[in-house]
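K.L.:
Residue-level listing of the chains:
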Amino acid sequence: MRSNLAIETMPCSDDFEQQLTDVLDRLYAAALRMTKNRSDAEDLVSDAVTKALKNKDKLKDPASFRGWMFRILTNTFISHCRKKKNRPEISLAETDNENEEEFWLFDRLHQPLLLFWGSNPEQEFLNNVLREDLARALDKLKDEYRMVVLLSDVEGFSYPEIAAILDIPVGTVRSRLARARSRLQKSLWQQAIDTGFVKDPADRLRSETP
Amino acid sequence: MSSPEKIDCEKALRHLLEYLDQELEGTLQHQMEQHMSSCRSCFSRLEFEQTLKTHIRKSGTEQAPDSLRNRVVGLLKDFEK
Chain G
1 MRSNLAIETM
11 PCSDDFEQQL
21 TDVLDRLYAA
31 ALRMTKNRSD
41 AEDLVSDAVT
51 KALKNKDKLK
61 DPASFRGWMF
71 RILTNTFISH
81 CRKKKNRPEI
91 SLAETDNENE
101 EEFWLFDRLH
111 QPLLLFWGSN
121 PEQEFLNNVL
131 REDLARALDK
141 LKDEYRMVVL
151 LSDVEGFSYP
161 EIAAILDIPV
171 GTVRSRLARA
181 RSRLQKSLWQ
191 QAIDTGFVKD
201 PADRLRSETP
Chain P
1 MSSPEKIDCE
11 KALRHLLEYL
21 DQELEGTLQH
31 QMEQHMSSCR
41 SCFSRLEFEQ
51 TLKTHIRKSG
61 TEQAPDSLRN
71 RVVGLLKDFE
81 K
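Residue numbers (the numbering used here), protein chains in the order written: chain G, 1 to 210; chain P, 1 to 81.
The reader is advised that the hints may include incorrect statements.
[To be verified] No farther apart than 27 Å at their CA atoms in a straight line, the calculated lysine-lysine pairs in the DSS-like style are these:
1) G/56 / P/81
2) G/54 / P/81
3) G/142 / G/51
4) G/186 / G/142
5) G/186 / P/11
6) G/60 / P/77
7) G/60 / P/81
8) G/140 / G/84
9) P/77 / G/58
10) G/60 / G/84
11) G/54 / G/142
These aren't lab readings, by the way, just hints derived from the structure by calculation.
Please take these sequences and the hints and turn them into a complete structure.
P.N.:
Dropping the structure here:
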């Protein structure tokens, strides 16, 4: 298993500036997915960097810089949301108890009615999923779901690291990630139907029934 | 050491995402590896999830605009004072 977000006592390194510069593209990308707006994303990163610089001395282990910086970015985003009245307040600590079936896109792609796609429908589907499709599906997710997908799939943080960044238990990271992926896949499937890329098997069945 | 007890597809699917995220260890990790190397159906699912994960990672890349880089350079200078 990968290492936890270590917060140990070590002198702060002088390459803070370099680390910050190196991670800037990633911070901006995450901020853009969080705010869904380029100018808000710039403000968010800029505020997070300001906070990081003010608290530079609190970073004990330079190796945990990236996790530390993402934690600041996330917290800054939450406080931005609270200030904005036009955005519903988000809670990263709460668990969504909404019950829903597990959605496996893989299963949908293997329905007999989709056989016109040949022997490898899932590969065919993924080859045709565009960057914009994924961005749109990600944007549709609720903040707390989008965040775990971002931190895991895009940023590659481990579950314990994500737990530390979002201040939630590891078990919640696991269940939220499963739910987030399920919703993301559902959304990709729906988009594929809406754009006519796949034909809704229900419609197909109806049209073929005399 | 004897090899761990084999797991069925149901259990493998339940832990598929954790396996994908490299979050398993010990016996379960070993059982998953074993299952994936012998079950074509579960392996196909794993492959699909892996490819989707890679697509998501790639879709998340962005370049910070110069305006932001300049702002950060400005902030760094401010804090040096």
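K.L.:
Now tell me if each hint is right for this structure.
P.N.:
These are the hints, each one checked on the structure:
With a C-alpha separation of about 14 Å, the suggested pair residue 56 of chain G and residue 81 of chain P falls inside the 27 Å cut-off, and the hint holds. A distance of roughly 13 Å separates the Cα atoms of residue 54 of chain G and residue 81 of chain P; the hinted pair therefore holds under the 27 Å criterion. In summary, the hint linking residue 142 of chain G to residue 51 of chain G is supported, as the alpha carbons are separated by about 26 Å, within the 27 Å threshold. About 14 Å separates the Cα atoms of residue 186 of chain G and residue 142 of chain G, which keeps this hinted pair within 27 Å; it holds.
A hinted pair counts as satisfied when its Cα atoms are at most 27 Å apart, and residue 186 of chain G with residue 11 of chain P qualifies at roughly 23 Å. Between the alpha carbons of residue 60 of chain G and residue 77 of chain P the distance comes to roughly 22 Å, so the proposed pair stays at or under 27 Å and holds. Note on residue 60 of chain G and residue 81 of chain P: the hinted pairing holds, with a Cα-Cα distance of about 22 Å set against a maximum of 27 Å. As the CA atoms of residue 140 of chain G and residue 84 of chain G are separated by approximately 19 Å, the hinted pair is consistent with the 27 Å bound.
For a cut-off of 27 Å, the pair hint linking residue 77 of chain P to residue 58 of chain G stands: about 20 Å separates their Cα positions. Distance hint between residue 60 of chain G and residue 84 of chain G is unfulfilled; the C-alpha atoms sit about 33 Å from each other, more than 27 Å. For the given pair, residue 54 of chain G sits about 31 Å from residue 142 of chain G by alpha-carbon distance, which is inconsistent with the 27 Å threshold.
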